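Dock the two chains into a complex; use the hints.
In case you want the letters, here they are:
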Amino acid sequence: MTTGISKRIQRIQFSLLSPEEIRKMAQVKVITADTYNDDGYPIERGLMDLHMGVIEPGLKCATCGGKVDECPGHFGNIELAMPVVHVGFIKEIKTFLDASCRSCGRIKLTEEQIVQYKERLSSMDFASADPEIIGLMSKRMTDEATQRMVCPHCGMQQKKIILDKPTTFREEGIKVTPKEIRERLEKIPDDDLMFFGMNREVARPEWMVLTVLPVPPINVRPSITLDTGERSEDDLTHKLVDIIRISQRLRESRDNGSPQLIIEDLWDLLQFHVTTYFDNQTAGIPPARHRSGRALKTLVQRLKGKDGRFRSNLSGKRVNFSARTVISPEPFLSINEVGVPEKAARELTLPVSVTPYNLDYVREVVARGQEPRDEFGKYIAGVNYIIRPDGRRIKITKQNAEENSKKVEPGWIVERQLSEGDIVLFNRQPSLHRMSMMAHTVRILGGQTFRFNLAVCTPYNADFDGDEMNLHVIQKEEGRAEARIIMKVREQIMSPRFGGPIIGGIHDHITAMFLLTHNNPLFSEEQAVHILSYVDLDQFPDPEMVDGVKFYRGRDIFSSILPAGLNMKFRSKLCKAAKNGVCDYEDDPKDTDVTIVNGVLETGTVDEEAIGPFSGQIIDKIFRKFGSSEAAQFIDRMTRLAVGVISALGFTTGIRDYDIPDNAVKRIEEISVEAVAKIDKLIENYRQDLLESMPGRSVEETLEIMILGITGEVRDESGKIASSFLGLNIPSVIMARSGARAKMLNISEVAGMVGQQSVRGGRINRGYYRRTLPHFLMDDIGASARGFVKSSYKSGLTPLEYFFHSIGGREGLVDIAVRTSRSGYMQRRLINAFEDLKVDESKKVRDTIGSIIQFTYGEDGIDPTRSEKGETVDVDYILMDMEKEASK
Amino acid sequence: MKVLLWKDTKKNIGILLEKGSLRYAVDFYTTGQELTEGYVTADGKNFVLKVKIGGISKYSASKDLVSKKKSDLKGIITIESAIDINPKPVSDFKIAGRAPKEIKEHVLAEVLQIEGEHLKNLVLNIPEPVKAIMDMASKMGFSLTLSVAQKIHSMRDQINDAQLKQLLQRIKEDIAVKGIDPYEAVGIIAAQSIGEPGTQMTMRTFHFAGVREMNVTLGLPRLIEIVDARRIPSTPSMTIHLRKGMEKDQSVVTKVIKELENTTLLDVAEIVTDVEAQTLTVEPVAERMKDRLVNFEDILSGLDTVKQVTLKADPAKQIVVVKPQQESFKKLYQVQEQLKILTIKGVPGIKRAIARADKETGEYILYTQGSNLKDVLQIEDIDPYRTYTNDIIEIANVLGIEAARDAVFMEAERTLQEQGLEVDKRHLMLVADMMSFTGSVRAVGRQGISGRKSSVLARAAFEITTKHLLRAGLLGEVDMLSGVAENIIVGQPITLGTGSVNLVYRGLQKN
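Protein chains in written order, with this note's numbering: chain A, 1 to 888; chain B, 1 to 511.
Chain B on its own, in the form it takes in the complex (with noise of 0.2 angstroms):
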């Protein structure tokens, strides 16, 4: 469905808003669509109004309009209502299948919508038979796992009945031997775990990762990059699907590949400087611009982003010129400068994207190097439920904090196995569960779970110790000594293990 998006002042949203239902006359004028909705920014990238259209017509003076400005209307719009919404980002919308970075004026878009065709499989769909034999499990008092549940469905044909009861009971009684003991001091297990093979990790920054033209970082920094919970990573990655259908589809490949990477106007057009009459000349060059998958109305929005100056296209010749308002060689260098990094086409932030096919399906993955989900996410050939960044901060601000955890514990997985060093997954698990409770990724450190501790002592012993004792002072908090950390520095025993127990002796009863 499409939908009306213009700019507006922030008074004329007021007296829309105001007024709910008018005639509205604005400087523009769109036909053949069958408009209902739409939404008005005043700044170009956020829209906080949107209004029921009920028809737009021509402009004709009329004294019940209510009018964007004085001069130069073109257009009705019959509103209907104006609400008042949260403010709606550009990037729900898409015009012409891509992402708008700002609304000038008015333009026709499109709402961005989650299509539901994959959600089906997203949801944990358990076979039932699957599930019949968690509920027997369930019925004789303990809870199977899925996998296990799963592993059994997979040899149900070779056990009957009577078997599977009798199998049941045995993995019952396996699991009550092999339980977690209570108050097993559980982190400190898995903190051991996972740093104590770090001596064992290579210190070498790059590694291939597969595909041989990319590093990737790998081995123990980025381990430490992981528990660090680092707003950028090192080497920002991405891996992406395409969508199921053209998974082997060359032609979609290489458009994609376009449409990820950043393609400045240098990589299609030529920038002529005439110092004389202070214009600068973009003249593109075909070839370029078809290896790029650039056409010439893509240059001209993207020189449409440059302040202070005027174009001139002209289509015929497919040349624009641009001329600074303000005459000046100082000026002229400026804006020569600025179209040579003029970003015209791409997703911020991807450097690069190779393809590579896979070896024994066929299917396309994209590798690329730089990270931008959030966008990357819009292009419409990839399969949104297949791709993926090694960004975990990126990861938990565009999907959220058990994304953010899945990506934690993967990640770590992932550098753990590539040195091909064994650590159980309820490890990992803890780490990343522990860094992402709180509803945000907090890193392993003085920044984030370390000086977050309820103990003044635990904290002032860790690091910045006089910090956290003079505000104790003020605060007068409590150290409730229910720590590891605090127990040892007044010197008794600590909570975790055995300590969580008390052994009580009775004595002999009388007779």
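In isolation and in its complexed conformation, chain A is listed as follows (with noise of 0.2 angstroms):
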């Protein structure tokens, strides 16, 4: 339990271990290749002792007396028979032995050289230098002393050593042991091992050469049980016993004189062991394999990519009080809850300090027990566990809540089932932005599902089709109030990348809208009472009297929802195309600029522009005017006005839709035609070689690009057939034109022609020998052997068609997969680029030792998130203002 000031870690230090380091830090001196005896228990010396740690309940350690999951685990050592080297360092080792002399010791510059250099190495500080540079400078050191051939020193012939991969090094065609090298590396001075990159306060070249091994803790290697009773050791101790035993017989052969050339094998085979022990992939020699064939896991690989120690548990880690579950839509809920399933909320839980001051509460919810409900039977929080001031955790059960509850005293913890209000923080993968992960407030809900509302899909990119979530209950206060007051969702509603709102209406809601104020239409008062029913507000619109009877107009339904003092002008998204102010889809030219005075919609349609994300006007300017709080209520409000408008009026698509009349059919027909036979004739052109070549073009490709410009042509012309016919009465061009869903070119697809399919940007031109299907005669370069499709979706495909459609959508599918994982790594190392950066007190951008990147931030020091769509300011926005409040 930490409590009050936790420590920090200040830095780490790394070094090399020295042999006498790893006999100090051992706990035990490892000699028996054994692990456990015919009862199960440990051997004692072996590699299992006791002495390292324990990995079975009931048993203590040796060295602390801890338990499992007490005792944090010890080293022991193995003492090698004979010096192996190290295979990490053994580009090191080279050096060393190549830039030395091989009498002295010393480095093999001239003392000239020597005073010069060291010179220039004392201002470096080899602990926080950057590696690199002295890299590179100790290589330029060391490379001008192999070169000299004779010690400058001791006035010695040198040879030339070469490394024979990956770890045996021969002079002059004679193998230098590993012992002799360590000899070797043990002449050199201290003073001498800054020219080659080492630093000589933390490591000695000799200790690259191992003569003892440090044997990882049990924890570290833990044996599993399997069901079959059987015991199933982990690969690095499948790897220490190895080297004991050859260590072993090392040992024997040479104490009662064998051959040399039996020791050498040994010792060449101990060396291997070494090898793989530290790294089963070491290029030049086969990896170490487990019985049944598989290769073993041992020290590099346990740390190296992905699934490694680094960035499988050390970068990110896994964490209780989470949750994950289906998701699913619920209109009703705010932008800024989330629903949780009771199952859910009864195992997640927050920790309770109890006080003096919240004793009398605690007691009350402890008494309730594990699965409390009200008199309406609805759920509350009960309490799964309560924690004694010495640690001890009591599970509360029916049985023991009421006596439990009696005992709790502050000082206590009492962990609290999740409740209504309770902040949490939920999250959709890929998280790709800060927004994908946001605080919600709880609503405990029935059912199996999390639930939101759906103006929140947009930033966390989610939809309903089997998609998962997962939310986390924060422990602790500071965190809970942080999340508060940055991560709710109602702070999170303008996104940083284009300072404008990235939560918004989607789909019904901007269909809705449409329908609610395009061309202002009336409602009965029976409609508008439906509709608003949906929304909190205390105050019904004015009625319009039309002909004795009460009639509400949709802008001013929607103007209720509208916070007083709001002013602003924008073109909607139906009128962007719109010229000199005259929209051709409203009957009224006024209706081109949607107004709003004083929080009163009084002309224009509502539309994705207004309320949709990325673009969002209205939401934009409440959110900057007013706040976030309402911002958020607007969304609220809107979203569930959308689903009131649509259930009251009702909205429906279906083929009847897209119905164009047959002379319009012809008409698409005829220019379909009239394109092939176009392209027929530049084909016949290029047979002809009067086909004239684009500069920087062969013929060919000169072809092809005009060919896909009439292709594109005819589908243009044929899109402007069909929605000439399709006009604003129905609900597919609704959509489209309101910006909801879908764009006017699938209408023109499913209405008109569907058009020319390409495969990287070309016609469809691969498949069998000269064609591409064995439908066409070879060579037949025309549009239809080339996958111009004629046929709308609703008319439907010609099998050809057909088949030449699915190798268009294939490379879509295609594409996504390969763009996923391409832009997936691109962003993992911009993040990781880029992550230490942080703005200082004066708007300054540094990184961790303190560079300075920008002077200023963005050079205006704005805040993307709260810039006006990457302006600084709105000068004219400020000038309108000041207006307003001098009129006033």
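What the hints contain is simulated information worked out from the structure, not anything from laboratory work.
Predicted model, so just to flag it, every value in this text is computed and none were measured.
Any given hint could turn out to be false.
Below 25 angstroms or equal to it, Euclidean Cα-Cα: the simulated DMTMM-like pairs (lysine to aspartate or glutamate) are [stated by the list, open to error]:
#, chain 1, residue 1, chain 2, residue 2
1, A, 118, A, 190
2, B, 172, A, 840
3, B, 290, A, 190
4, B, 139, A, 190
Computed, partial: chain B to chain A, Cβ under 10 angstroms [stated by the list, open to error]:
#, residue
5, 140
6, 157
7, 159
8, 220
9, 427
10, 438
11, 441
12, 459
Yeah, the Cβ is synthetic: ideal placement off N, Cα and C, and Gly gets one too.
Spelled out as structure tokens, the structure:
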């Protein structure tokens, strides 16, 4: 239990282990290659010696007396019969041997050079300098020393040493034993080490030749008991067994004077085992294998790569107090809320420290037991565990709840179940940006799924086709406070990517707002009441009397959710393309622009541009002028209003949406025939060598480009014809024009023509020998033989067209698969390179060592989240606002 | 100003440098020029000696002469002084309007100079009234960016002084609210803002960039290329404007295109191989030469670079006979192949140049396939100030790191914009600054920024784990646990955002 000030690690110093240190930190000298005796008890001085820690419940560590989970584990050591080199340092050992004198051990630099280089090096602190630079400098010096074949200190003639990979050194063809290597390295004086890029404070070259091997604690290499009762040892233990065995045999052979050949063979074998113990993927030697044939996972393999210790266990960690389940939509929740199923809520707890101030409350909660419900059968939070000041946990059951509640005193901790209003983190992977993890307040719901408002789909990039999401319960007050202030959904409405809202209405929200405001329709009182019953408003909009009957205007209904004091004017998505302020889709030319005066929608159609994510002009303005709570409330009300509108009016789509008159179908057919004829003409010209190539292109390429141009034109043309018959009374068109879903292009594909299918930006030209399908003549490069689809989805595709269409579709799928992995890696690299940058008090951007990257963040010191869509200040708006204030 | 360039032996250069002032007998003679300066090279490419020339006269034997070689002397140069200079590359000179590749013997050349006509425009020239607005702001205690000041200036006639003051006050308040929070993790936000839209980008490598004839890599592959700081982009391309005043001149356009496009001998001439005589006859085709703007001399100078051959030019017949010095069919064949690919004109690396007239202004803009900024900048009729390449490393090498920083920013912005993705400029700026602040362009990744982090643990956690750990042991590296990755590894709060500050509770004060 950490209470109060927790310790902080200031720094971590790396160094090489000296043989003495290895022996010192070892709690036991391992001499037996065996692990357990017949009773299943660890053999003393064996690899599972109790001095190195415990993995079985019940046993106690012989060193610290701790039980499982208490004992951190302790090292042992193995005395190697003969020294062996450490594979990881093989290059460094080579440099040391090359650049130092084989007789006196000094670096082969003249005194002059030594003085000169020393000066250069003395300015560098090995512990903190850039290792790349030290590497480069020492490489220059050692290279120079290596070149010299006579020692400038003792005059000894040098011999050339070659490295016979992976671990054998040869001097003029004769093998240099690790023992000799060690002896030579020992001779190198401390003062010379700096030239080799070695820090004399922490390392000696001879330590790179091992005479004693540390044995890692047992908890690092636990053995597992299989269901059969059989013990299965960790890969490291296996490897250590090999090492001890060979080391023993080598010692015996050496002591009883076996032939040199046998000793050398054993020595090499020991070297092999130690090498593979460190790295089982060393180039040049076969990896050591398990009995089953699987390569062993030894030290380097444990650390390296995606599943290695670093990336899998240290940079990313598993957590408790989290839940994961399928997500589903719930339009009646606020964007700030998340619906948690009861089942999950009963499991998730948060610690409540008992104080004199909350003692009564806590006792009451504890007394409820594990599955309490209120008098209506509704979920209320219970308690799963209580923790005594000494750290003992007591499980609360129906039986002991009453009794335990009395025991609870200040100083205890009670693990209370999740309850309504608690703040939790909610996340969907891949977490590509900070809005992928936001704080929500909890609503306990029935069912099995997490639920949330549909407006929050965009930042999470979630849909409900089986997506799952994670939920984390924050365990500390500090964390909860931060989550509430910075991570709450309403605080994340603005995206730092572009300084606009990323949360807004989608799909039916947009359709509904369009239906509500386009041409300002009238709603009967019954309809209006239905619609407004979805929204928590105090006031009903003013009615309009038509022939003595009360009617309500759509825009007035919409205005009722706008905050008073909102003034704005912008062009709707529907009229984006309007020229000279004349919009084809509005009956009243005034409606080209959306105008809101003092919170009343006066003209225009509310669509994606107004309330959608990314564009959301109204959301943007409300957030800036009234703050995050108002913006969140607007989105809440808007989404609920949308459900009201669309359920009052009804909205559907079907194949009927795509009916166009026969003469239009005929016209589209005609233009496609024309286009095919045009293409045939081009091909004819090409065949007769009449086609002139574009500069820098071959004739074939020119032909392809021109054909693609024609097919593109036809599709556009057919789209134009089709859409001219598809007005705003058609639901599909409403969706496309308002920005709710799909583009007009998709509609023209259904009603008009699908058009040319492509692979890699060109027509389809692969498949059979000199043709795409056996249905065509060889070398037929005409329109239909290369994937031109004349039909529309509605009329149906011919089998051949269908086939080409699926080729194009497949490319899209492959594209997505390739893209996600490529962009994922790019983002990982970007994050890794930029994660340490922060802004300091004076808005300078600095990295960890204090280098200044920017003198003022972004050249103006403005937070992109709060910027006006990227601009520093919106001078026009400020002026307008000033005028408004002055006129007041 | 014309200068004399010649090639000499290293030994002679030593003598010249030692004596300083002397009369130097050489194997050439030039007249008609008021030469005062000369440069000497040993290898034909870099000039290491600069001499002050008093005059050049015809050769006549004399005692005080120092001779370049023993015989065949033609002229005497009176050298007043000789100084050792930092090697000056041959590309710093211009011969007959073009950049030479190598100096064979001697040649008259011009020293390339940066012309000053546009320089004035390049200096950031803030108009007085705009500056006044900025000054006003700084008096009020905040700094106004130029773009905002300009915007206010453009509306100056609509607002009176009192209003201006009020406006500035409002802007000051606005900026104070919108300022970036101290300790904000701007790096992570930038990385996310660029990485997240990556999933929405197309993978299609090729796209048309206004010019139908040319392909340019765009989308995600291009973005990856930019952050990778690749030596050579997959589709290097340049955008070249013409000098002011000739922007609409069709004839200049064609001339520049011809100068840009790499022309090989085969493009302008036929090569006839005479096996019996062991010769190759180069027969230029007048029509093609005209088309490519090549003259006979160009072909000759191009052929000059071919080694181990003797050339016999026949200016009357306009043909050149090339004979390998060594008589063998093998050699003949080799020379023939060499001639086929011989470059005689154009900028190396520029495969193709295409001109497009701007729809609105009618000005011609040239787009090239292939990039060679340094050489293209020396072409006379182009506007060097509006010449651009998408090769970031090349920009860094030719124009320097600040230009490269802007190039990273511009290329990234263009790539994202083309895909219709909105990303705040500040994020791209930060990426560009981070990639260039050390003075060289560093890639985002283990070879660049990530590989040079100060923390051992952070490096080990990214890629190549063991290498970093082992080296840390030898060096006794100390990890100060100041970054994000290392603190997560040891299980501590990170040092960004709210983790940078501590809350201290003092408790209740007594009475």
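Outcome of the hint check:
1. 118(A) / 190(A): 13 angstroms, holds
2. 172(B) / 840(A): 20 angstroms, holds
3. 290(B) / 190(A): 74 angstroms, violated
4. 139(B) / 190(A): 61 angstroms, violated
5. 140: Where the cut-off is 10 angstroms and the nearest Cβ of chain A is about 14 angstroms from residue 140(B), the hint is violated.
6. 157: Hint violated; residue 157(B) Cβ to chain A Cβ min 13 angstroms, cut 10 angstroms.
7. 159: 7 angstroms, holds
8. 220: Constraint on residue 220(B) satisfied, holds at 6 angstroms.
9. 427: Since chain A brings a Cβ to about 7 angstroms from residue 427(B), closer than 10 angstroms, the hint holds.
10. 438: Where the cut-off is 10 angstroms and the nearest Cβ of chain A is about 8 angstroms from residue 438(B), the hint holds.
11. 441: 13 angstroms, violated
12. 459: 9 angstroms, holds
Hints 3, 4, 5, 6, 11, counting from the list given before, are not met by this structure.
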